[in-house]
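From first to last, the protein sequence lines stand for chains A and B.
Numbering-wise (my numbering), the first sequence opens with residue 1 and increments by one.
Numbering-wise (my numbering), the second sequence opens with residue 1 and increments by one.
Since the hints were derived computationally from the structure, they do not count as laboratory data.
You can trust all of the hints, since none of them are fake.
A pair holds if it fits inside one copy or across any two, identical chains being indistinguishable in the list.
With a straight-line Cα cutoff of 35 Å, these simulated DSBU-like cross-link-like pairs (lysine-lysine) come out:
(1) Lys-39 <-> Lys-125
(2) Lys-134 <-> Lys-57
(3) Lys-103 <-> Lys-57
(4) Lys-57 <-> Lys-17
(5) Lys-17 <-> Lys-125
2 protein chains.
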Amino acid sequence: MINHSADPIAELVSNLKKLPGVGEKTATRFAYHILNMKKEEILSMANAIKRISDEVKLCSVCFNFTYNDPCDICSSQSRNNSVICVVEKPADLNTIEKAGIFKGRYHVLHGVIDMLNNVGPEDIKIAELINRIKNESIKEIIIALSPTTEGEATALYLQRMIKPAGIKITRLASGIPVGSALEYVDQYTLTRAMENRIEI
Amino acid sequence: MINHSADPIAELVSNLKKLPGVGEKTATRFAYHILNMKKEEILSMANAIKRISDEVKLCSVCFNFTYNDPCDICSSQSRNNSVICVVEKPADLNTIEKAGIFKGRYHVLHGVIDMLNNVGPEDIKIAELINRIKNESIKEIIIALSPTTEGEATALYLQRMIKPAGIKITRLASGIPVGSALEYVDQYTLTRAMENRIEI
Numbered sequence: 001m002i003n004h005s006a007d008p009i010a011e012l013v014s015n016l017k018k019l020p021g022v023g024e025k026t027a028t029r030f031a032y033h034i035l036n037m038k039k040e041e042i043l044s045m046a047n048a049i050k051r052i053s054d055e056v057k058l059c060s061v062c063f064n065f066t067y068n069d070p071c072d073i074c075s076s077q078s079r080n081n082s083v084i085c086v087v088e089k090p091a092d093l094n095t096i097e098k099a100g101i102f103k104g105r106y107h108v109l110h111g112v113i114d115m116l117n118n119v120g121p122e123d124i125k126i127a128e129l130i131n132r133i134k135n136e137s138i139k140e141i142i143i144a145l146s147p148t149t150e151g152e153a154t155a156l157y158l159q160r161m162i163k164p165a166g167i168k169i170t171r172l173a174s175g176i177p178v179g180s181a182l183e184y185v186d187q188y189t190l191t192r193a194m195e196n197r198i199e200i
Numbered sequence: 001m002i003n004h005s006a007d008p009i010a011e012l013v014s015n016l017k018k019l020p021g022v023g024e025k026t027a028t029r030f031a032y033h034i035l036n037m038k039k040e041e042i043l044s045m046a047n048a049i050k051r052i053s054d055e056v057k058l059c060s061v062c063f064n065f066t067y068n069d070p071c072d073i074c075s076s077q078s079r080n081n082s083v084i085c086v087v088e089k090p091a092d093l094n095t096i097e098k099a100g101i102f103k104g105r106y107h108v109l110h111g112v113i114d115m116l117n118n119v120g121p122e123d124i125k126i127a128e129l130i131n132r133i134k135n136e137s138i139k140e141i142i143i144a145l146s147p148t149t150e151g152e153a154t155a156l157y158l159q160r161m162i163k164p165a166g167i168k169i170t171r172l173a174s175g176i177p178v179g180s181a182l183e184y185v186d187q188y189t190l191t192r193a194m195e196n197r198i199e200i
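Looking at chain A on its own, in the form it has when it is part of the complex:
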């Protein structure tokens, strides 16, 4: 698996091409940029990448990426322990955290149910979520999955699994994005926005 070429520049380019959306041209541009950086900056970048593999693990409670266990969010004293926001992946959690709109805790599923690609409920962290619901005193589960076919299917499955526990289950609203022109909104989003219209 380790790509070891005699030419360090070629090796760097082939490694950088693994980044999302980065092809030969961008990888080459990145490589030449790195070649022009100061030695300590290059070592700092190499070390930052290495640290990811050495120090980052999954939180044993919420399964977010973390360098301490339980993670900062799970062990925080100032967050609401009775609400869990369920997300597909750590990057989604990060997006919600950055918006600063939620002060409860999270649960990262690490995927959504996707039968076409052989991802069933047992392949993602659903059992772990059910366990938390049993053992912690949870009042609300917010399902924050993307409104895609797989996200919807997963939400439906979660709803069926959690409902018996008698806990409030909510989903993020879907509708027209703030700031976007109605003219260009796709029909599915528009249908949802119409269905979920709010009296003012």
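Chain A is fixed; fit chain B onto it per the hints.
Chain B in isolation, oriented as in the chain A frame:
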């Protein structure tokens, strides 16, 4: 200079932001992608970056980036030693090499004369080029600098410095890019294309 944050993910994002055209959002996307890569892939990427600082230096002849000295191009037996193509930076050399259109040797100036930013002829590898012209049997110097104000000024300076040696000096043609629509070509390019028109 070394950015050492307690949080390895934050540290990685801040390091990746040093790449050209990469802001907070893209750096975060890259970081989460790296977090999902296999351990050996992550280590391979970190190592590839580290190798750049450990193994890459400048060729003592042409000043291209290289891991052996003189570089593969300068020490090649199958290239034309009597023609030198002068470029601004290693990335430019790489672009010409990839096109496979030139079989002579190179000289990398590592910059162009730019008086507004205090880059004079003595700040780039011009003296070294003159030295090569004196010591090697060169028949032609091809100036392959970008047709910008600074590139043109540097080309003019080189022309004045090299002319007394009685060597043929050429420049890459500038004109309308192949495949582009005349309608959208800027006036400077069009002027150049008109001036340099070729009888057919």
